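**Student:** Chains as they are written, first to last, in the working numbering: chain U, 1 to 251; chain F, 1 to 162.
In case anyone wonders, no lab produced these hints; they're calculated from the structure. Possibly wrong hints are sitting among the right ones.
To be verified - For lysine to any residue, the following SDA-like pairs were computed, each having C-alpha atoms within a straight-line distance of at most 25 angstroms: (1) F:Lys81 - F:Cys146; (2) U:Lys150 - F:Pro28; (3) F:Lys74 - U:Phe189.
From a predicted model like this one, the values you see are computed outputs, not experimental measurements.
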Amino acid sequence: MAVRKRSLQFPETHWSLVGRAGASNDLTRQQALEELLVIYLPVLRTFLIAVRRIPPDLAEDLLQDFIADKVLARQLVHQADQGRGKFRSFLLKSLCNFTLTKLKKEYAARARAVCLDALDLATDAGYEAEDQFDREWVKQVLSDALDLMKVDCQENGNTVMWEVFRLRVVDPIQTDSAPADYRQIVAQFRLETPRQAINLLANAKRCFAKHLRAAVGRYVHDDALIEEEIADLRETLGRKLRPSEFPGSNP
Amino acid sequence: MALPSTTDHYSKNILRALMDPSKLDTVPWSSDDLRAILEHQLSTPLSAELDAFAETGKMTTNEVMRLLGDFREKTILDAIKRASDCVGVLQMIKSMAKASLTSDGELPRDVARVLYVLTILSCRRAGVSDVTTLDDASLERETRRCLTFGWLPDQVLCLLRA
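Chain U on its own, in the form it takes in the complex (with noise of 0.2 angstroms):
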């Protein structure tokens, strides 16, 4: 199945498009499980590769098992409940047991190569496992927002309100550093009142939440669960967070 590129690419909870990626009317399914996979396709390598830290040819050849054997051959969306949680719960946890499954078996010699324990991976599986996918939702999501008001700062001339933005809140949680203070921010831009780098900052904030909700919006479609899913965003940010898991840090 040809799977399109898309700027955009993480999870959903979107279970419209589960429901017809789960119709009996075959053109329905295939393009809704097209939209599915490329949602859902790019994290769920980042989460075999970066989190189970399997090796990339391995993780895309069990990813790719997993379309061909669970997704496609055994409809495996047909199987989601929307009233048993999040979909994108559903599909990780398929995922975790179905690669389980194959390093034990098909693919356990390549695993003892690779000195991949699949005991291990089992051991972690579960909450922690959902935890570290989230976490790898939240970065995309981030990630997609900033670059999306980069653009749009950059393309609008509002320069100097992203580089505020940039100075103050990109850079301290990409590298580790401290956020430029207030004097820096006066020098740099010549600012003459404290309005005008307070308006600067506080501007760039709504700028920021507008292209947070442009990013969530690109994968659900409803206003109120746009909200509902950035209070999740928020949930998960709370919960754990670790300096090198956010967007665009080096690892």
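Since the structure of chain U is provided, determine the placement of chain F on it from the hints.
**Tutor:** Positioned in the frame of chain U, the structure of chain F alone reads:
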């Protein structure tokens, strides 16, 4: 690589604040920043705040210009130190500070509070008592509250204690 705890704290909090729609106008500042903002505000030429004075004093910029008179190129600190020569100017500064004590303002609230108290104290010392409706006890309480801010510059501490 581990972050210093302050930066980690800052990063987490600022990201969470950024994602909180109820705090869209809140910008977190450190104590050093608050001191720098107050110092910057005190050293700002009055002429640079024409729009702010007009907006918060509900005047035209021409009216503000007339009130500023010869003080136009002086700073806010100059005005506070020479209250007897410019009570009208101090009232404009007070209005600007007061606006930031409500949700309409732009200065950090504690910076605005210090500026607000400084202007009233300065007017009182110049013999002008009708600049505020605050009674003596309330003004004293506000002054004591300002003195608890650990980030106040020395010159401001002196003015508050004078």
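**Student:** Against the earlier hints, flag every one the structure doesn't satisfy and list their numbers going up.
**Tutor:** none
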